[in-house]
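Here the protein sequences come in this chain order: A and B. According to the UniProt record's numbering, the first sequence holds residues 1 to 270 in order. According to the UniProt record's numbering, the second sequence holds residues 1 to 483 in order.
Think of the hints as simulated: they come from the structure by calculation, not from any bench. Remember, predicted model here, so these are calculated numbers, not experimental data. One thing to keep in mind: the hints can contain errors.
[Claimed, not checked] Label-pair distances were calculated between CB atoms; the ranges are:
| id | chain 1 | residue 1 | chain 2 | residue 2 | range |
| --- | --- | --- | --- | --- | --- |
| 1 | A | HIS82 | B | ALA241 | 44 to 52 Å |
| 2 | A | GLY100 | B | PRO215 | 54 to 62 Å |
| 3 | A | GLY80 | B | VAL219 | 32 to 40 Å |
[As the list claims (entries may be wrong)] Below, a sample of chain A positions facing chain B; criterion: calculated Cβ distance under 10 Å:
| id | residue |
| --- | --- |
| 4 | GLN104 |
| 5 | GLN113 |
| 6 | GLY152 |
| 7 | CYS188 |
| 8 | GLU220 |
Beta carbons are placed, not taken as given, at the ideal position from N, Cα and C, and that holds for glycine.
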Amino acid sequence: MSLETLLNWPAPDRPLPPHRAVDDSSVRGVFVVTDTLERSGSFVLHKLVGRHVRLPGWAVALVCVAQQPEHYVAVHKKLGMHLSLHKQTFASVDLFSRLGQLVQSDGATDPVQTLFSEITAPFAAAAPQDAAEPPRKPCIVIDDVSMLLFVGLSVSQTVLLVTALRSFVIALGTQRDGCLAVLVHDDCPADEEQASANAWIQQLATVLLHVRPLDSGFTEGVHGQLAVALGPQALWADSARHDAGIVPGELLFRVNDASVDWVARGRSGL
Amino acid sequence: MSSFRRTAHPHGRASSGKTAQLPGVRVSAHNGRPLVSTGTPALDDVFGGGVPVGGLLLLKDDRLTGYATLLLRLFLSQGAHSRHALSLASPELDAKAFIAALPLAVAAPSSTSASDSSSSSSSSSSSSSSSNVELVPTPSGGLLSGSSRTLGTLRPRSGLAATSAADPAASPQDRMSIAWRYQSQPRAVTTAAPVTSASGEVYSNTFDITKTIAPETLVQVPVAILDPASLAAAAAAAAAASGVSTRGVYSELLSSIRSQIVEAGFDSSNGDSEQAATILRIAVHSLASPLWDAIPGAPPPTIKDMCLFLHSLKALVHSSRAVCVVTVPAHLYDDCYKLHSSPLVRRLEHIADAAIEIESFAGSHRPANALYTSEYHGLVYPHKVFSLYSLNDTSRLSHIDLHSLAFKVHRKRFTIEPFNLPPEDASSDASIDASAAAGAQPSAPAAAASGSKIRRQSASIPARASGPGCAGSNSPAAIPLDF
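Only chain A is shown next, with the shape it has when bound in the complex:
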C-alpha cells in the first residue's frame, strides 16, 4: 500500500488497464493537500512534481511561494531527479523572492491578475512549435496557497486565483486536460480567514490529501498519517472520460532523507 496505489498511478507492478493506452489518472484532477505546522505536506507536492515531469505529454510549473526554487531543485536532486535537465517540461515560478511586490495592490493593478499571469507564463512560453503537435497537458503545483493569504490577498482573491488556475488547467472543450495541486495549511480553527479560504478551495478538489501528525502521538519510525479522500468535484467527473480509480484510504508514512516509506495502519511495514 502506498500513495501511488491509492491514487492509481501506474507502476511496474500496476500496469495500465487493458482499455487504456496512456496514463491519464491525473487528468482533470485538482489535488488539495492540507497539512499542519508540525507535519508538512510538501513531500506530497514533490511526489506530484516528480510524477508529472516524468509523464510524457505533460508540462509542469512549480510555483514557489514558501521556499526559493533552489530548495526544490535540491530536494528533487536527492529524490533522483535533476530538474534542470527537464527544461522543456518543467519550470519553476519564483514568487518567493518578490511576493511582497506581487500581492500588494497599488490600485492600478489587480494582484490576482498579476499572479495568474506570472503562474501561467511558462505554458505560453512552452507552446509547441508544430501546430500539429498536441499541446502539453499543464500541471500547476503551488507551495503554498495559504502563504498568499497570509501576506496580503483576501479570501475572495485567493479563491478567485485558485479558481482561475483550475479553469486554466481544465479547459473544457480543449485538449488542455491538466491538473492543479495546491497546498494549504489547515491547523488553526481560530484563523477564520484561513478556514474560510480552505473551505472554498476544498470545494474545488477532486482529490483531498490530508497530512497530519499521528493521532496516537509521536512515535519512532512513523512521522505522520496521510488520508486520501475524494473531493466534491469527483462527483461530477465524466466517468466515460475520466476514470481515475482513486481509492480513499489512509496511510502512515515516514519521510526519509531521499524517499518516503509508506506503512499500512496497524502494520510495521508494507
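Since chain A is already given, all that's left is putting chain B on it; use the hints.
Positioned in the frame of chain A, the structure of chain B alone reads:
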C-alpha cells in the same frame, strides 16, 4: 589540465563551500549546507547541528519570564565570539546595553581539579572560564563534581552528560554507564566543552550567563542597532525627501535590514559583488509587539503587514550570508487558557523556517507538577524544524526526544535536554543516594546535593492537588504531569 570547471552559483555548492570556510561555520552532514551555532548546543542538535545560513528561526517568548530573550542573547553572544557581524532590532530593550551585556564564553574545562580552577578564576572575566564551568551544578552531578550517578537520578539522557563520560581521566564513578540497548539512541549535546569545527575554529561555545562579554571582543565585531526611534527618523527623512506618505514601521525595518545586508556585503544573490568574510546574525526582538508602533503618521501595522514583513525578511535572509532569529511575544495574542488565539502567531510560525516555543513554569498559566519544577524551569516545544534543501527535518533527535524537551538554567549555564520522567521509587532512594554521595564526594557537597536534589525534594513535597484526580495521592511521583 582539465576543462571542467565548477560553475559558481549564489546558492549552489560552490557558494556553500566558501561560506563553510568562514569562522564559526561548519557544514551540515545532512545536506551540505553551512551552519552556525545558536549558542546552545542542545538547540543546535534540535536543528541538526545549527541554524543553516540563510535560515530564519522564530522564537515564541515565554510569559512573564525572559528565557527566550536569554536564548537570543546566547545567539548573539555566540556570533560575537565567532566574529560574526551582529544586527539587533528591538522596540523595548536598551539595545546597546543589551549587546554590552551578552554572556561570556567560557573555555573547555581542563583536567585540573575543580578547586584549582576555581582559585584561578575570579580575577578577570576572560580568564575565569574553566572555573565557571566547574562551579556549575548539574542535575546529574556528572559534569562538574564527578559524583556518581545512581539509579533514578534525573539526568540528561544517554550522551547528554558526555563530558564526564568522554573524559578519559575521569574516574569510573564519573563515567555514566547506560544499558547497551540505549547506546544507539540519538544524543543531544549539552557539554560544557566548546564544539570545534573541522578547521579547528570554535563552532559553539559554552556561556557563563552571569558574566558579560569582554569589551575587547565586542570591539572587533560590527554591531548595528535598530530601534523604533531610529526607524521613525529614517521614515521621516524618506518621506520628506520623496514627498510620499510615511511607510509603516515594518517596511522601514525591512528596508533598514536590507540596506545593512547590501552595504556590508552579505548579499549572496549577486555572486560578482565583493562579499564580507563573515556571517551576519540578525536578531529581531519582539516582532508584533505594540511597542513597534511608534512611527508618527504611519498606519498601524496589521496582521498581514507583519506576515509580509516576516516573509520578506525570510526571502532576504535566504539570499544572503545571514541567519536570523525573531522573537514574538505570543502570549500577548492568546487568551488566558489558550481557548482562542489570534491567527497571527500561527501564521508567523508557518512562514518561518523553524519555530520554537519556550514555556516557563514560573510564567505559565497551567499548574506544573512540583516534582518537575524542582528539576526544570520550563519546556521547549519545537513546533517546526529546519528542512531547508531537505525532504525531511534535519533534526538529530528522534521524534520522541524532539517533542519532550525541557530547559534548565543552572547557576551559570542554560541547558536544554530531553525531559525524563522520574522513577516511581525515587523518593525511597533519596536518603541512600544523598548519604552515599556525601560520603564519596566530601569535597563537593554542592554538586552531590545537586545530584540527589530531585529525590530529597520529592521526599519533602507534600501531596498537593496539582490537577484533577490527584488530590488524594500521597506519592509525589504519582502526581500526573499536568502541563
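Check the structure against each numbered hint from earlier and tell me which ones fail, lowest number first. Going through the list in order, the structure violates hints 2, 3, 5 and respects the others.
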